[in-house]
Amino acid sequence: MAARPLPAPALLEAELVVLVRERLLETPPGFHAESNLYLAGLDSMSIMQLIILVEEEYGVSLPDGALTKDNISTVRQLAQVIRAHAASA
Amino acid sequence: MEFDVLVAGGGSAGLAAAVAAARVGARTLLVERHGALGGMVSAALVHSICGLYRLPAKCESTPPALAHAGFAAEFSIRLLAAGGASGPVRMGRVDVLLQRPTAFAQLADQIVRETPRLNVRLHTELLAAEGESVTLLCRGQRESVRAAAFVDATGDAALAVLRGAPCEQADRARLQRPAFIFALAGVPAAALDDTARLQLAQLLARAVQAGALPADALGAHLRACAQEGEAFVTLDLDGGGAAYDPLDPHCLTQLETAGRALAGQLTDFLRRQVEGFAHSYVAAWPARVGVRESRRVMGRYRVEAADLERGAAFADAVAVSAWPMELRETARGPRWRFPTNGQPCDIPLRALQARDDAALFMAGRCLSCSHEAQAALRVIGTCLATGEAAGLAAGLQALGKPCDANAVNTARAQLSSRG
Ligand SMILES: Cc1cc2nc3c(=O)[nH]c(=O)nc-3n(C[C@H](O)[C@H](O)[C@H](O)COP(=O)(O)OP(=O)(O)OC[C@H]3O[C@@H](n4cnc5c(N)ncnc54)[C@H](O)[C@@H]3O)c2cc1C
Chain A
103 MAARPLPAPA LLEAELVVLV RERLLETPPG FHAESNLYLA GLDSMSIMQL IILVEEEYGV
163 SLPDGALTKD NISTVRQLAQ VIRAHAASA
Chain B
114 MEFDVLVAGG GSAGLAAAVA AARVGARTLL VERHGALGGM VSAALVHSIC GLYRLPAKCE
174 STPPALAHAG FAAEFSIRLL AAGGASGPVR MGRVDVLLQR PTAFAQLADQ IVRETPRLNV
234 RLHTELLAAE GESVTLLCRG QRESVRAAAF VDATGDAALA VLRGAPCEQA DRARLQRPAF
294 IFALAGVPAA ALDDTARLQL AQLLARAVQA GALPADALGA HLRACAQEGE AFVTLDLDGG
354 GAAYDPLDPH CLTQLETAGR ALAGQLTDFL RRQVEGFAHS YVAAWPARVG VRESRRVMGR
414 YRVEAADLER GAAFADAVAV SAWPMELRET ARGPRWRFPT NGQPCDIPLR ALQARDDAAL
474 FMAGRCLSCS HEAQAALRVI GTCLATGEAA GLAAGLQALG KPCDANAVNT ARAQLSSRG
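As given, the protein sequences belong to chains A and B, one line each in that order.
For the first sequence, the working numbering gives the first residue as 103, with consecutive numbering after it.
For the second sequence, the working numbering gives the first residue as 114, with consecutive numbering after it.
Among these hints, one or two may not hold up.
[What the hints assert, rightly or not] So, partial list: chain B residues that the calculated Cβ filter (under 10 Å) puts toward chain A:
(1) Val202
(2) Arg206
(3) Leu311
(4) Gln312
(5) Leu317
(6) Pro327
(7) Leu331
(8) Asp349
(9) Glu439
(10) Arg450
(11) Thr453
(12) Asn454
Just so you know, these hints were derived from the structure itself, not from any lab.
Where a beta carbon is used, it is the ideal one built from N, C-alpha and C, also for glycine.
With the rest of the complex left out, here is chain A:
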């Protein structure tokens, strides 16, 4: 896995915004770390994608139950979940 140290919080968010925009969803103009991901089209299928992309990109492992509907509704929240699990790993 292309594991690398987690970037600083602001950079992690910026990277995730790009990852979502380029590899996951057709994001509306002006999409940013606090935009609602479900309104940009996040659904159960893209969540599977998201898990795999994030785990490959950052070498974290998100245990079952780590994600809830409400803790990944923005990139900012997602970054927090990733940091929490990178720290505990």
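Given chain A's structure and the hints, the job is docking chain B with the ligand onto it.
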């Protein structure tokens, strides 16, 4: 046999077209190769109707408002009244009506029975077409039929091709991906709520990473059915990437067998590994794999992505599109492109008229538009609306009456108020 209007294909667009042509006074024949009307709904188990409602205002809890008058509204209201649909439900930024394919087909039968001048031939394949006549084939028997006007609602523009009307098709690598949908019974509602589905997404991702399921399983999507205890599983398929060809029998065969194989693997996995699914079983296979896009007929106007983005208005509008572009160029979920002003886009009559063939109209997913625009226009709500408009225009024309956009809209309004 002689008719005023022949409609090829009994999907949502063909049903609407045939009913509209007959209601406006034309002796109409609807030809369908399968044993039920509904097209992708009955044959491929598409189980929700999109494009019926206006896009909700941003971040507001505005109640859904029907975008269409006429047949699309009538059909959805009757389907709800018959208990064949539930909702609409809001999914992200859109409102969707959940429906049962069996109920869709039953309502189609009932409407056909109620409609004088409408004849339906099921199990009948359109085989050839030239000038005013078409050749039909049923179980090895040919029949020749004449008509004054034609509607191509075959989804694949089969009638247009047989009449020699020019069609176009996107690059194979970009065509909207196909999907295999099947019904799973014995699934408790709790196994499909938001939390459970999120957990399932994690389990599937894990299983794919571990090699317990093929990567294609990442195209799976489960949704509770309008029927308690049942779920529909949609498997988006890659179709061979740039080799995908929805008109090639080898490719279609491959899709059917690959779809069933993956459905089997996934069902096994669910039964063995996922809470709540232990007693689930396959309740129905589709009669055919779902194809979202193939040929489009070249019309007198081609609806473009830019029209949808700006909610374009046309002087010869006969229908509207109220759905965003839903691009499914990969089997990894949709990419949505919304109109910038949130407004519906007009569909001009010219997009339902073949460019150089005055007797030929088209509706549904093979109308005249670009690949991107088709990503919005293909949904069932819009198919019902374009079908109705094409049927009215074909009927009026066949009867020798004025058949411009104004006449079509007047006829729709008169029929709705009588209704
Ligand atoms: C997997 C999948 C999921 C989808 N999900 C949704 C959704 O959730 N909501 C939504 O609104 N839309 C959805 N769509 C899109 C929508 O289902 C279709 O675009 C729409 O049903 C097309 O309707 P149609 O009448 O134009 O064509 P079709 O439904 O394809 O009907 C064409 C009919 O013509 C018949 N036919 C073709 N050629 C001949 C011939 N030569 N002789 C006799 N009969 C012929 C066919 O048998 C068929 O019945 C989905 C599509 C797919 C494939």
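Status of each hint after checking the structure:
1. Val202: Violated - the Cβ of B:Val202 stays beyond 10 Å from chain A, reaching only about 13 Å at its closest.
2. Arg206: holds, 5 Å
3. Leu311: holds, 6 Å
4. Gln312: Given a least distance of 6 Å, the restraint on B:Gln312 holds.
5. Leu317: B:Leu317 check passes; min Cβ-Cβ to chain A is 6 Å, inside 10 Å.
6. Pro327: At 13 Å from the nearest chain A Cβ, B:Pro327 fails the 10 Å test, so the hint is violated.
7. Leu331: At about 5 Å, which falls below the 10 Å cut-off, the nearest Cβ of chain A leaves the hint on B:Leu331 intact, so it holds.
8. Asp349: holds, 7 Å
9. Glu439: holds, 9 Å
10. Arg450: It holds, given that the least Cβ distance between B:Arg450 and chain A is near 6 Å, below 10 Å.
11. Thr453: This hint holds: B:Thr453 lies near chain A, its Cβ roughly 8 Å from the closest one there, short of 10 Å.
12. Asn454: Constraint on B:Asn454 not satisfied, violated at 13 Å.
Hint compliance for this structure: hints 1, 6, 12 are broken, all remaining hints hold.
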